[in-house]
Structure formats: C-alpha cells, structure tokens
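Q: So the chains spell out like this:
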Amino acid sequence: MATVAQKLSAAGTSHALELRGVDRMFGALAALSDINLEVRPGEKRAVLGSNGAGKTTLFNCVTGDFLPTSGRIRFFGEDITRLPAHERIRRGLRRTYQISLLFKGLTVLDNIYLACRGVSRGRFSFVRPRRNEALMQSAEELVDAVHLTDIRDRPVAELSYGQQRQLEVAMALAGAPRFILFDEPAAGLSPTERGELIEILQSLPSHVGFIIIEHDMDVALRVVESVTVMHNGRIFKEGTPEEIENDAQVQELYLGDGHG
Amino acid sequence: MNRFVQRHPVWSVIILLGAILLLWLIVSPWPAWLEETIDRKKVFINAVFNGVTLGALYFLVASGFTLIFGLMRNVNLAHGSLYLFGGYLGYTVSDYTGNWYLAFLVAFIAMAALGIVLQIGVFRRMEGEELRQTLVTIGISIVLADVMLWIWGGDFYQVETPDWLYGAIDLPIITGFKSDGTAVYMKYPAVRIFILVASIIVGILMWLALNRTRIGMMIRAGVDDREMLSATGVRIQLVFVAVFALGAGLAGVAGVVGGTFQALAPGVDTRFLLASLVVVIVGGMGSIPGAALGAVLIGLSEQLGSVYVPTYAVVTTFLIMVLVLAFRPQGLLGKG
Amino acid sequence: MAVLDQDRPGAGSGAREASRAELPAWLRRIHPVVWLLALFLLFVPAFTNSFIQFQIFGWAFLLGMIALSLMFLAGYGGMVSLVQMTVACVAGYMTAIFGASAVESISLFWPWWVAVPVAIVIAVIFGTITGALAVRTTGIYTIMITLAIAAAFYYFGEQNYSILNGHQGFNSVHAPVLFGVDLHDATPFYYLSLSLATLSYFAVLYVSRSPFGLALQGIRDNPRRMAAIGFNVTAHRIAAYAFAAFIAAVAGILLTWQNGQISPFTAGIGPVIDILVIAVIGGIGHPIGAFIGAIVYVVLRTFAIDILHNIGLDPSRFNMLVGLGFLAIVFFSPDGILGLWSRWRSSRSGAGLARVTGGGRGRDVE
Chain A
1 MATVAQKLSA
11 AGTSHALELR
21 GVDRMFGALA
31 ALSDINLEVR
41 PGEKRAVLGS
51 NGAGKTTLFN
61 CVTGDFLPTS
71 GRIRFFGEDI
81 TRLPAHERIR
91 RGLRRTYQIS
101 LLFKGLTVLD
111 NIYLACRGVS
121 RGRFSFVRPR
131 RNEALMQSAE
141 ELVDAVHLTD
151 IRDRPVAELS
161 YGQQRQLEVA
171 MALAGAPRFI
181 LFDEPAAGLS
191 PTERGELIEI
201 LQSLPSHVGF
211 IIIEHDMDVA
221 LRVVESVTVM
231 HNGRIFKEGT
241 PEEIENDAQV
251 QELYLGDGHG
Chain B
1 MNRFVQRHPV
11 WSVIILLGAI
21 LLLWLIVSPW
31 PAWLEETIDR
41 KKVFINAVFN
51 GVTLGALYFL
61 VASGFTLIFG
71 LMRNVNLAHG
81 SLYLFGGYLG
91 YTVSDYTGNW
101 YLAFLVAFIA
111 MAALGIVLQI
121 GVFRRMEGEE
131 LRQTLVTIGI
141 SIVLADVMLW
151 IWGGDFYQVE
161 TPDWLYGAID
171 LPIITGFKSD
181 GTAVYMKYPA
191 VRIFILVASI
201 IVGILMWLAL
211 NRTRIGMMIR
221 AGVDDREMLS
231 ATGVRIQLVF
241 VAVFALGAGL
251 AGVAGVVGGT
261 FQALAPGVDT
271 RFLLASLVVV
281 IVGGMGSIPG
291 AALGAVLIGL
301 SEQLGSVYVP
311 TYAVVTTFLI
321 MVLVLAFRPQ
331 GLLGKG
Chain C
1 MAVLDQDRPG
11 AGSGAREASR
21 AELPAWLRRI
31 HPVVWLLALF
41 LLFVPAFTNS
51 FIQFQIFGWA
61 FLLGMIALSL
71 MFLAGYGGMV
81 SLVQMTVACV
91 AGYMTAIFGA
101 SAVESISLFW
111 PWWVAVPVAI
121 VIAVIFGTIT
131 GALAVRTTGI
141 YTIMITLAIA
151 AAFYYFGEQN
161 YSILNGHQGF
171 NSVHAPVLFG
181 VDLHDATPFY
191 YLSLSLATLS
201 YFAVLYVSRS
211 PFGLALQGIR
221 DNPRRMAAIG
231 FNVTAHRIAA
241 YAFAAFIAAV
251 AGILLTWQNG
261 QISPFTAGIG
271 PVIDILVIAV
281 IGGIGHPIGA
291 FIGAIVYVVL
301 RTFAIDILHN
311 IGLDPSRFNM
321 LVGLGFLAIV
331 FFSPDGILGL
341 WSRWRSSRSG
351 AGLARVTGGG
361 RGRDVE
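Protein chains in written order, with full-length UniProt numbering: chain A, 1 to 260; chain B, 1 to 336; chain C, 1 to 366.
Worth flagging that the hints you see were computed from the coordinates, not collected in a lab.
Built from N, CA and C at the ideal position, the CB exists for glycine as well.
Careful, some of the hints might be misleading.
Unchecked claim - Some chain C residues near chain A, calculated using beta-carbon distances under 8 Å:
no., residue
1, S105
2, Q168
3, S210
4, F212
5, L214
6, A227
7, I229
8, A239
So that you can see chain A by itself, here it is in the shape it has in the complex (with noise of 0.2 Å):
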C-alpha cells in the first residue's frame, strides 16, 4: 500500500482524471482549447453544455478514440495521454457512444460477453465460453441488471433503440470500472427507461466515479454531486449543481442558445 501512496504522490496527484491544457484541433478549428479538469475518484460529474461546446471530444481525447493535439491526460496518477484505447479501457475506464456503437449482427449476451471478455484475460482464446464460466455468468448478471434478459439471444440489430441504449450501458459497466464516461446515455428514452437508468447510476459502486453528458437536467441533477459547463471547446464554468442552476451566466448561455 505504501508503495502505492508513494507513487501516487509521486505523480503528484490522487485524481482518478486529471486534464492539463489539453487541445485539440481539426484543422484550423479548436473543438478543445486549454481544458483543465480535476475529478475525484468516485466522484460523480455532469458536463453541460451545447452542441459543438466539445463534450463528446473531450470524451474521445480521454478514451484514446483520438489523441489530442496538446496537453496531459493522467488517469489515478498514470499518464496517459498517448496510451492506445484498449489499454486505458484495461486500466479501468469506460464509455458508452452517443451514436450507439454495438455489433449488431451478434446477441445481445454476446455483446455483453465481448465487453467482459475484453477486460480480462484469455482475448485470444479458442475455446468456447461454457455456461458456467465467471465471465459468461457476470455477463448474465449484467444483461439482467439493464433489464435485456428476454431478449439475450437476439441480434442486437433487432432491438429497440431505448434497448440499444440500454445495452450501450451495460457494456460500460462490463470488469471492474474504476471511471465510466456516459455520453448522453438518456436520449431516447422512454420515461421508465430513464428511471431504469437513474436507478442503475445510483446504484453504481460509491468509488466508481462517471462523467456524464446529458442535456436533460433532470436526469443529470438527479445523479451528480458537480457540473461542469462546457461552451464553444472550453470550460466555462464548474461548480455544485446548486450554484450552476442559480448562476446567472450559465442561464444566460442557455437562454441564448434557445434551450430556455
């Protein structure tokens, strides 16, 4: 343990995510510009904030979908800024897409299956998942825990698209994650759906902390303990859901940007 406090003072910092001036450009346009971003381990966080304000490239930067053209990313102390996606996933982060991103000509139990797969040992396995391996049963457990269990052997292409969303979820919460990015997870959804969904994010483990990107502030109120508010590639403004409800300069944006 010691040694494990010793290289997280070390690297200076106990955060589970820690941004530096990170930038990204595509091309002659800033999507980030000097984004500085401290959260807790276990922490649970809102980004709010327009289209284009750059939530969901903030995500990418973070995941390894695409490295930033600047800046540091540290994740519980490790630099991570220029490690491939699959590593940063192997460390105990996570993410679920906007857009859903899932393969559709596989069951959904096969889609969940993959995600557990993908975070422990034996990805290159020939042998056959049996039923009563850890993994093919965690993946049970989570198939039931988003409510997809009479439809585990369908091709995901068949399903719905709350289910999909759904699904999206229950691939984030695949291992042991340390950290989840949740990017717009309620879009979509029936209004029991997003109870379901509230419920799952209040019954995540308290050390596992999430990012979450959500325009309904009912939703994102509901489960985060901080806000942080995005607008054209920077951040604006952070702070607890109190004072960014009550701040008038976060109103003024929203009103302006027609969101009233």
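Based on the hints, put chains B and C in the right spot on chain A.
A: Frame of chain A, contents of chains B and C only:
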C-alpha cells in the same frame, strides 16, 4: 509545398540533394571512375528515360483508376481490361484507316461509353456496397478477357506509329566524347518523347480541371468527404458518371499509347491492372499528384531494376510498395 | 458490405444451446441431411473410380479449404484477402524445397515429417506478415493490397531461379508412404483430404463461437467499439490472418502432393481470383459455402468443356461461362448458393420472407 518543407526540413534537404544528384548524372558527362563502377552513362540515361516514359504510360492508366476509387470507393478490377480493349480497338481503327489520331478518339469514346453503361447499369444499383462492386468488376474482367480473346485471338499486335514519329531524335544530353573530342548526343525514340509530353499535358489538364473548374472542385470535395458532396445538393450521380467515363476513357487512350510502343496481347490487361494497383498504393489512393509520383517511381524502378538487378526487377518494385505500406500506409501523397 | 452480412447459426452460442429443452429448429431440420452427407462422403470410394476420388473430390476439398480460410477472414473478420492461394503455394514450395523433388540442386530431401511442419510454419509466418501489412489499412483497400502482394509472389516465382526454380518450379513432389499406404493413391488421398477438410471446417465453426472468433466478428461490425471495450484490434486482425494461413498452408501442401508439382502458375492471378470466386459462389457467410463453391467450381472446370462441346457450343468460351455465372450470382444472390437455398426455403415456409431483404440471407430466428 512550403508546408512540407516547414514540417520535414531533413526530408526536404534529402529530396533536394537527390534531385541535384540525378540532374548531375543526367546532364554532365560521367567521369571514368563512375563508368567503371556502374557501366556506361548511355545505359543509365536510357534506363532513366525508359523509366520515365513507362511511368508516363502508367500515369495515364492509373490516374483514371485512382479517380474512380477516390470518388466512388469502387476498386475497378476491370480497369486493365478497359486498357486492353481500348488498345485493340485503336489497333483495328488505325489498321483500317491508317489514322493514328482517329485510333485515340475511337478508343476514348468507346471506353468512356462502356464506362457510362457500367456506372449507370451496374454500379449505381449497388452504391455503397464496395465489396459487391469489386466482385462485379472481377466478373466483368473475366468476361471481357474472353470476348477479346474471341475477337482478336492470342496474337501480338502493335499499333502503327505515324511517319513523323518514326526514328530517333537527338536530345541535348552528352553521353560521351568521340576520340576527336566532339560530344556524342543522346538519341531517343521520338514516339516515347511524344508519349511523355502527352502524359504531362494530360496530367496538367486534369490538375487544372480538378482545381480550376466547378465540377473539378466538386469531385475533389467528394474524394475528401463524400457525405458533404451529397449534402450540397449536387447531382452526385452525374458527377459519378462523368468521372467513370473519364477514367475509363483514359484507360482506353492509354491502351492505344501502350499498343504503340509496347504490344497488345492477352495477359496485358492483368499486367496493367497490377501496375495501376501498385502505382495507386504507392502514390496515395485517390490522389492525382500521387498517381503521377507513384507512376514515375514504379516506372523508374522497373527499368533501372531490369538494367542493374535483372533477376530481381519485379522485386524492387514490390519492395517499394511494401516499404510504403509499412511506413506510410495511406500512400506517399495520400491523406492520412 | 452487405455481402458480408451474415446470420449467426441459430443466434445462440454453444453454451446456451445446451441449456435449451430441445434442439433449435434448424438443427433438427439439418441433422438427417448432415448424416446422409457424411455417409455419402465416407462411401464415395466404394462406387467411384480413382479419377472422381482424386481429381474431383480431392481437388474440391483442397480448394474448399483455401476458400474456407478466405471465408474466415472475410465472413467473420470483414477482411477480403486475396493472398490465401499464395500462402498455400508458399507452403507447397517449402515442402518441395525442404523435402524431395526432381530438382536435386535445390531440394534438401529432409524426411516429410520434418519438411511439412517447417513448410507450414514458414507459410504461416508469410501469411502473418502479409496480414500485418494489410491491416494497416482497412475495408476495400485490403483487396487491393493483398492482390498486389499475391502478384508480387507470382512474379518473384517466375524470376527467381536460385530458390524457387523460376518458371518450371518443382516436379515430382510426392505424398509420403505412411504405414505401407501410399498417400498418393486415389483412395488414401481421398480420405486424407476429406478428413483434413472436415477438421478445418469444424475448427472454423468452433472458433467462430470462441472468444477469439466472437471478437473477430465484433471487429468486423465495429472496430472502434472493440478498442473501447479493451481489445487490441490490430493484434486480433493479424492473429486472424495467422489462423487462416494455417488452414491454407495445410491445403497448399496437399494440393502440391496432388499435382505432384508446384510452379508460379499455381499462384498466378487467375487461381488467386478463383479462390474468391469459389467463396462467393458458395456463400461467404457460412463455412460450408466454401466447399459448396469448390465442388461447383471443380465440376465446371472438369466437365464444362465437354458439355459445351457436346451441345455444339465453342468449348473455348468456358471462361465467359464462368464469368457470366459469377456475375449472375453476385447480382441476384450476394450470399451465393447458400443464399439461394435459404431464400428458397423461406419462400416455401412463407414465414421468413420479410427477413430476406436486399438479397440478404433469411435468419433462423424464432
């Protein structure tokens, strides 16, 4: 260009030095020690010129291939068949009429028409299904190869060169000195010089058309971002048909060119399909300047290779391809 | 890539099939057919001559195996590799070089049980390196790059005399005599190729439901997401090339024994493309398609010229027949003969019609 220099100063210097060395090798008479190590200057210059003119021919074929691929993501594996078909047609026309220019015209129009029929009749029906389109082009190439074998048989044909391009001309390059001290100038077949000049003109025209005309800009935009092209409300099908016609027509013209200074026979279609593939992989898929660079590189490597390492001429060519794939998979001038 | 869209048999993994009260419908329906087919294949030598056993079935099994290796890459991995025939030929060349052949100046005359494993290892290494080059770009580029590499090997074979003996290649490369049985005889060779083809077929089926195979299909559907759940996409793709190369290499050695020789001609552009044609004709969505395509191809290759001649057509138009047939398949049934079959079945049952959209195969989903 300037940005390249700024970004890669070391590479720029190396390329510049290489160009100066090549220019010196071509222009100045060689000192004795050099001729001792790598044979006579005449051999080298000949190989270089053959390489560049072969590259010119490759460019004519590959530019159409790369345009079609870049815009429509259609790997046209029947491209070599269009080349050979155009060449055969050109041969037949010039044989009957004795008119070399008419051969080009007929080959271009016939192949462009075939291209239009293929695009409208076949590929439009399976848009976005890249693999299926490619499979169709394989089928077409098999059928066309047999049709051509049926009509023209297995003989070798060569398109007759017009009188004014017969023989060799003197180039202002000194290859050596006679015993009395007068300089010996390099002689080179006029028809090959003609091909080189014609290819450069075609290349410049294509560049101008792509960069200075409205339809050209649309095509370039489409190569970069195809969704954007359809979003701008352009009649994208019309652009597709035009590009396919141009690409196929160019292949036909190249067939006549190739038939004039090489030969036409079964199997030539595969050879030029492969040449196009390699040129486009090396130069960068979808890029016209890339096709030009790749064509010259491959032409030079083939000719220099066959002079200096005759047993491994083909290997040098493919070695270039493998190196490019390993270190710059999008091709030398391709967009990463 | 609609052609690569394919159904997962029964839409259930092996683990869950066992848990079901009864076998899935498709399994019950297929079973008698499979048994009949197995019986038929076992007793083929009882009622056929050596030509049928050796030249028809033997050849079809081997081409089927090479097409199967392509099917594995294309159907499960979404990578249409044209280099599989070349990998097979590399293995063939290596058996000739390390083992025995008529070219005494090159062949090393090692015993076959050393030469064959060495040949397989070298061919797998070749296939893996090719894969490593090809996966640096994806999608339709794969076809171009692998075709170019296949052509490179062909021309290299034509030009290189010191190792590959140039245009001639190697003659008298014979199958070994094992426990007094000459494997070059028709019936032993029939059973040898049948058993290896069956083995590789079931190996591919089994692997397709293993974590490795599932991950490969996940990569086909969505590589970006695979990376986002912890998979190294590039490494997986290269491993798939290695696995496919192994199957192709085994088939390549047998093919060389069957022909008794190996030369650049076997690795030419025509044969390379033919493997793709075979896989597509049969149906690239399922492993059995490779063998269906192979038997159709071999029968056509062997008898079409006679048939054309007998019905008064010019037999030299054989290639046009193949080309037109191939075009017809690609146009009307992108999933090959398998696609035609499942369409016919679903139109008879009337139920699955709605699922047969855009030429895709009907799915056996309850």
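Q: All the hints need checking, so say for each whether the structure fits it.
A: Outcome of the hint check:
1. S105: Since chain A brings no Cβ nearer than about 41 Å to C/S105, farther than 8 Å, the hint is violated.
2. Q168: 40 Å, violated
3. S210: 5 Å, holds
4. F212: 5 Å, holds
5. L214: Holds. Min distance 6 Å.
6. A227: With a closest approach of 4 Å, the C/A227 hint holds.
7. I229: Holds, about 4 Å.
8. A239: Cβ of C/A239 sits 6 Å from chain A, so the hint holds.
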